[in-house]
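The primary structure of each chain is shown beneath.
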Amino acid sequence: MLCQECQEREASLHFTKIINGEKTEFHFCEICAKDKGENLSGGNNFSIHKLLSGLLDTGQALSSQKSGRKTQQPKPDIRCETCGMTYKKFTEIGRFGCADCYTHFDAKLDPVFRRIHGGNTVHAGKIPKRKGEDMHVYREIENLKTEMQKQIAEEEFEQAAETRDKIRGLEDSLKKKGGDAS
Amino acid sequence: MTLKSFMNDAISPWMKNEGPEADIVISSRIRLARNLGSVPFPIIASGEQLKGITNQVEKNFPGSSKEKFGKLSFLQMSDLNDNEKRILVEKHLVSPNLMNKSENRAVLLSENESLSVMVNEEDHFRIQCLFSGFQLEEGLAYANVMDDWMEEKFDFAFDERRGYLTSCPTNVGTGLRSSVMMHLPALVMTKQLNRILPAINQLGLVVRGIYGEGSEALGNLYQISNQTTLGASEQDIVKDLRSVVSQLIEHERAAREQLWNQSQNKLEDRLFRSYGILSYSRSMESKEAMQRLSDVRLGIDMGIIEDVKGSILNELMVMTQPGFLQQYAGESLKPEQRDQRRASLIRERLKLEEQEEDHDGGGE
Ligand SMILES: [Zn+2]
Ligand SMILES: [Zn+2]
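Residue numbers (the UniProt record's numbering), protein chains in the order written: chain A, 1 to 182; chain B, 1 to 364.
If you are wondering where the hints come from, they were derived from the structure by calculation, not from laboratory data.
Glycine included, every Cβ here is placed at the ideal spot set by N, Cα and C.
Don't take every hint at face value.
Pairs of lysine-lysine, BS3-like flavour, derived with a Cα cap of 30 Å [claimed, not checked]:
(1) A:Lys-145 to B:Lys-71
(2) A:Lys-129 to B:Lys-153
(3) B:Lys-68 to B:Lys-239
(4) A:Lys-88 to A:Lys-108
(5) A:Lys-129 to B:Lys-66
(6) A:Lys-129 to B:Lys-68
(7) A:Lys-175 to A:Lys-129
(8) B:Lys-51 to A:Lys-129
(9) B:Lys-16 to A:Lys-129
Far from chain A, some chain B residues (derived; all Cβ distances over 12 Å) [as the list claims (entries may be wrong)]:
(10) Phe-69
(11) Leu-80
(12) Glu-113
(13) Asn-171
(14) Asn-265
(15) Leu-267
(16) Gly-276
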């Protein structure tokens with residue numbers, strides 16, 4: 001497969017971008033990828049920031065195209081109050097400034113993560129011990145909610161009601177514990 | 001310094017070619033990215049803040065030991081000279097990024113060098129485990145021990161929905177990059193690899209050649225890793241990678257058999273030529289060295305070349321890089337001097353093999 005940028009060299013870097021379930025593939029040769037900021041010589045740091053910021057920009061360009069020229073007036077940029085990083089800067093360098101950026105930019109992050117992580121926006125892996133068991137309960141609630149949506153979609157209302165009660169039970173137990181602990 | 005004593009210092013366990021499927025999988029690596037919630041990420045943190053973190057690490061870990069890793073040692077990057085830093089990079093223990101920005105950067109190393117923790121790279125901590133052969137699960141278990149230990153001392157940035165928070169949005173969630181370095185010469189020779197790679201990409205994995213200064217994949221070495229870190233558990237991420245790598249191993253084995261059946265003479269000629277050139281040349285660029293070493297390695301794995309150990313590729317891949325060459329030479333070298341030294345190091349290494357053969361009465 002040839003590089004989509006130069007159409008000369010063999011493409012050796014392949015990215016898949018997924019927006020709302022629709023796949024777009026990118027194929028670059030090493031040289032063009034390098035031009036895009038790829039750091040290929042580094043043995044272990046997989047840095048795709050420049051390319052990533054391209055993806056982030058594409059997302060913005062698309063949305064402003066759709067809504068037409070009227071919305072082109074400059075919107076106030078979101079800023080992380082803790083570290084001062086702005087959302088605009090984030091899309092340029094493709095990196096957060098601190099952990100709180102995740103909270104401050106939260107409203108914009110779901111589409112970003114969906115694009116980067118194959119449609120996923122929610123963590124499903126390890127939970128630090130320190131965060132305790134509440135997290136596991138929280139995760140089960142999330143799972144049950146998904147299940148309930150499915151049951152409703154499939155018109156299995158009785159089961160959906162059962163699932164809803166389970167969710168309420170778990171939420172109550174969290175509230176109680178929160179009250180006791182603090 | 002004799003080559004033998006130099007090698008004893010230079011060779012990390014993962015280069016010894018002892019793990020499962022080591023004829024095709026060179027090494028397995030697990031990386032976990034972790035950050036503190038209370039300090040900005042290294043790209044914008046102040047020198048004072050970064051120093052606070054390295055101080056904390058220095059206070060808590062070196063000298064103490066976990067049975068898995070032995071005693072940990074702590075290296076401030078700014079205490080090392082350029083060549084020492086380069087050697088850490090060539091051994092894959094730290095990234096070039098950490099070498100270049102060495103102020104307030106550090107690394108924590110286990111005795112056997114299977115574990116390293118980079119401090120203040122792109123993230124505050126990057127826990128890395130490097131194992132010989134196909135050992136992803138072992139690597140993950142190892143990395144988790146360190147992760148849990150560090151969690152006792154540090155409050156990691158973690159969010160209920162987003163998981164471990166990282167500087168780059170490509171690492172958020174598990175912070176896990178699992179990767180496997182594979183030697184795939186037969187798939188390259190039979191031109192099958194280019195057809196397979198796009199399919200692998202569709203499965204959410206990334207394939208990269210191991211690059212040198214030029215632009216071609218060196219030595220038919222490819223690194224396969226997970227692309228997404230959010231939405232799947234660590235175990236599932238590793239399982240997906242394992243299953244694709246297992247299939248690639250099968251394909252590579254089949255391609256080797258195909259080469260043997262269809263063009264045995266041509267293959268043998270090519271592999272022995274490379275062996276001959278490595279044994280006698282007086283100057284060799286790194287790119288050629290990698291290709292020739294790949295040929296010899298294939299010859300060893302297929303039982304065509306019998307009197308050389310398989311670990312030679314792994315060892316020389318690392319030892320013929322500039323940092324090691326200069327360390328061995330005991331002086332800094334210009335590029336053309338390096339090419340000469342590289343050729344002579346390879347010759348010497350092959351001779352060492354012959355001597356050992358004599359002592360052991362031939363073979364393992
Ligand atoms: Zn190109
Ligand atoms: Zn911030």
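Taking the earlier hints as the rules, which of them does this structure contradict? Hints 1, 9, 13 are the ones this structure does not satisfy, whereas the remaining hints hold.
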